[in-house]
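Colleague: So the protein lines, in turn, are chains A and B.
Under numbering that gives the first Met the number 0, residues 0 to 383 are what the first sequence spells out, in order.
Under numbering that gives the first Met the number 0, residues 0 to 190 are what the second sequence spells out, in order.
Mixed in with the good hints there might be a few duds.
[What the hints assert, rightly or not] With a cut-off of at most 25 Å between alpha-carbon atoms, the simulated SDA-like pairs for lysine to any residue come out as follows: (1) B/Lys89 x A/Gly200; (2) A/Lys315 x A/Val352; (3) A/Lys239 x A/Ser261; (4) A/Lys290 x A/Phe237; (5) A/Lys239 x B/Pro23; (6) B/Lys89 x A/Gly304; (7) A/Lys76 x B/Lys89; (8) A/Lys91 x B/Asp39.
[What the hints assert, rightly or not] Covered stretches of chain A (in silico footprint by chain B; criterion: 3 or more residues with CB under 8 Å from a CB of chain B, positions within the stretch not fixed): (9) 4-14; (10) 80-92; (11) 125-131; (12) 163-176; (13) 197-207; (14) 222-236; (15) 297-303.
Hints were generated in silico from the structure; no laboratory data involved.
Quantities reported herein were computed from a predicted structural model and do not represent experimental measurements.
We treat Cβ as the ideally placed atom computed from N, Cα and C, and that holds for glycine.
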Amino acid sequence: MLAMDYRGPYRVRIENKPIPEILHPEDAIVRVTRSCICGSDLHLYHGMVPDTRVGMTFGHEFTGIVEEVGPEVRNLKVGDHVLVPFNIACGKCTFCKQGLFGNCHESNSEATAVGGIFGYSHTAGGYDGGQAEYVRVPYADVGPTVIPSTMDVDDAVLLTDVVPTGYQAAEMGGIQPGDTVVIFGAGPIGIMAARCAWLFGAGRVIVIDHLEYRLDFARQYGPAEVYNFRSIEDPVYFIKKITDSLGADVCIDAVGGDAAGSLFHSILGTKLKWEAGAATALHWAINSVKKGGIVSIVGVYGPTGNMIPIGNVVNKGITIRANQASVKRLLPRLIEHIEAGRIRPKDLITHRVPLEEIADAYHIFSAKLDGCIKPVLVPPSFRG
Amino acid sequence: MEQNRIDPTTVLGWGVDANPQNNPTYPMRDISRDTKGGLDWQRPALQPQTVELLQSTEHNRRTAVFGTSSPPRGVSGAIRRRAFHASEGKWSHWLMLLAADRIDVVEGIGEDLVHGKIPNIPAEMGLPSEVRHNLSGLLTKVAVAGAVGFLVAAVVRRNRHEPNMLPDQWPQTYVPGENRGALAAERSPRF
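All chains, full assembly: derive it from the sequences and hints.
Modeller: Have a look at this one:
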């Protein structure tokens with residue numbers, strides 16, 4: 000089968016690899032119909048996540064048709080077209096029972112700091128991912144969900160990560176009616192968080208980034224007030240000024256370790272790897288939120304450490320909420336939102352790329368070329 | 000500078016998920032479904048181990064399922080095994096893994112060559128898409144890199160040759176102190 004093959008930082012290619020096999024009674028083998036490149040894949044692509052091994056296949060956002068199931072799979076059958084949440088979750092451990100499907104304790108032997116994730120380094124379990132023609136899907140009765148017959152597959156593939164992560168970012172913000180919500184990052188997650196902030200009753204939604212084409216998109220899609228931090232120079236000062244010096248009620252970090260905006264953090268975090276990524280957006284979020292406010296983090300950082308103003312967290316009485324999205328928990332409500340037209344996920348897709356051209360797709364997304372917001376990979380057998 | 004405010008009531012779906020109970024600044028933990036006795040849940044069946052698996056020291060048992068992609072190999076694998084002697088709380092654990100990742104890249108190129116495959120690194124880095132979508136940027140980068148390379152080469156070449164010049168080869172316009180290379184030769188004659 001064709002599969003993405005990681006060769007080192009900024010280097011990927013397409014390879015022929017063996018079709019995966021059932022290795023556990025609760026496994027399924029899925030033939031991929033769509034897969035995405037996620038912004039967090041770029042952290043792997045840039046060599047920022049420890050234990051990212053040459054030869055691995057990335058990809059944690061995918062849909063596919065069930066080709067084979069293990070003997071203990073009850074809820075899926077061959078031929079089902081499913082969307083597969085990016086978390087690998089057993090459904091039985093104490094965390095899964097509490098709805099924390101992103102924190103499963105039975106899916107990642109190599110770290111306790113994160114649950115298993117498809118195609119996301121050995122730090123997240125060493126599973127090959129969905130940027131391929133076939134994928135092995137563990138715990139097939141827990142995560143995979145049959146795509147409703149009325150739903151477009153391009154909407155469904157974004158339900159595996161982008162929509163739930165954006166929604167949970169807003170949910171973790173504990174948004175109260177009328178709140179001012181500031182979102183750092185106008186990537187797919189930030190744009191989706193802006194859209195979802197309204198669902199929770201936000202009174203004002205502001206998006207900060209430096210890429211004009213993405214800000215233009217966020218302005219329309221959110222909708223949102225958008226500001227380019229290159230123009231306003233100091234985002235923290237700016238947000239204080241437009242909130243009567245109080246700060247925002249809720250700040251969301253939808254960027255993670257690849258943030259621009261601070262030479263200091265960029266050198267230490269992304270070039271020298273002395274920080275677990277550039278924590279610029281998180282720094283701004285902590286300093287921009289009001290006293291007693293909430294900072295919600297869905298941006299991805301590495302496992303080592305970052306320099307952030309933790310003293311300000313204490314002195315301002317800030318609550319920090321963060322997690323990998325619990326996709327399975329959120330899916331029923333999100334499907335309702337899509338069916339009601341409140342969320343239109345596929346509008347985010349700007350590029351549909353043949354799987355064979357994966358190196359170009361990664362480069363276009365990484366270098367922010369050609370107005371790219373969300374690239375989707377299409378395997379050869381599912382191209383019209 | 001400040002943009003016009005958006006009227007929330009004009010946004011489709013505004014407030015449909017509003018939940019005043021979700022206010023984490025006054026946290027109340029729901030322990031109703033928490034476990035009381037540690038790892039006391041009924042475990043899934045255990046995946047047979049068919050490849051080498053490195054296990055965090057912070058786990059007291061292997062998880063029921065695990066990935067089988069790219070088992071440890073070569074020098075990078077040895078470093079990874081060593082890294083897993085330290086807990087996730089140690090920086091050395093992660094720094095060794097990052098070092099192993101870089102060595103793994105070199106091993107990957109070696110593996111390609113052993114299999115008679117010369118990796119097409121420009122294509123793997125997406126150069127064709129750079130040509131298609133950012134040709135001027137690419138040319139600028141090439142020009143800057145070329146200029147820097149030329150300067151570095153010129154400096155290296157100058158420092159390499161001038162100290163070896165004999166006094167009768169010095170430029171006739173030579174002024175002591177003006178040319179550091181020649182001055183060095185004057186202070187440390189090689190004849």
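Colleague: Give a verdict on every hint.
Modeller: Quick rundown of the hints versus the structure:
1. B/Lys89 x A/Gly200: Violated, because 42 Å separates the two Cα atoms, which is more than 25 Å.
2. A/Lys315 x A/Val352: This hinted pair is violated, its Cα atoms lying about 46 Å apart.
3. A/Lys239 x A/Ser261: holds (19 Å)
4. A/Lys290 x A/Phe237: Holds, at about 16 Å.
5. A/Lys239 x B/Pro23: Measuring from Cα to Cα gives roughly 23 Å; hence the hint holds.
6. B/Lys89 x A/Gly304: holds (11 Å)
7. A/Lys76 x B/Lys89: The given pair, whose Cα atoms are some 44 Å apart, is violated under the 25 Å limit.
8. A/Lys91 x B/Asp39: Within the cut-off at roughly 10 Å; holds.
9. 4-14: The restraint on the segment 4-14 of chain A holds, since 7 of its residues have a Cβ under 8 Å from chain B and three suffice.
10. 80-92: It holds: at least three residues are needed, and the segment 80-92 of chain A offers 4 whose Cβ sits within less than 8 Å of chain B.
11. 125-131: holds (count 3)
12. 163-176: holds (count 6)
13. 197-207: Three-residue rule met by the segment 197-207 of chain A, so holds; n is 8.
14. 222-236: Three-residue rule met by the segment 222-236 of chain A, so holds; n is 6.
15. 297-303: Contact hint for the segment 297-303 of chain A vs chain B: holds, 3 residues under 8 Å.
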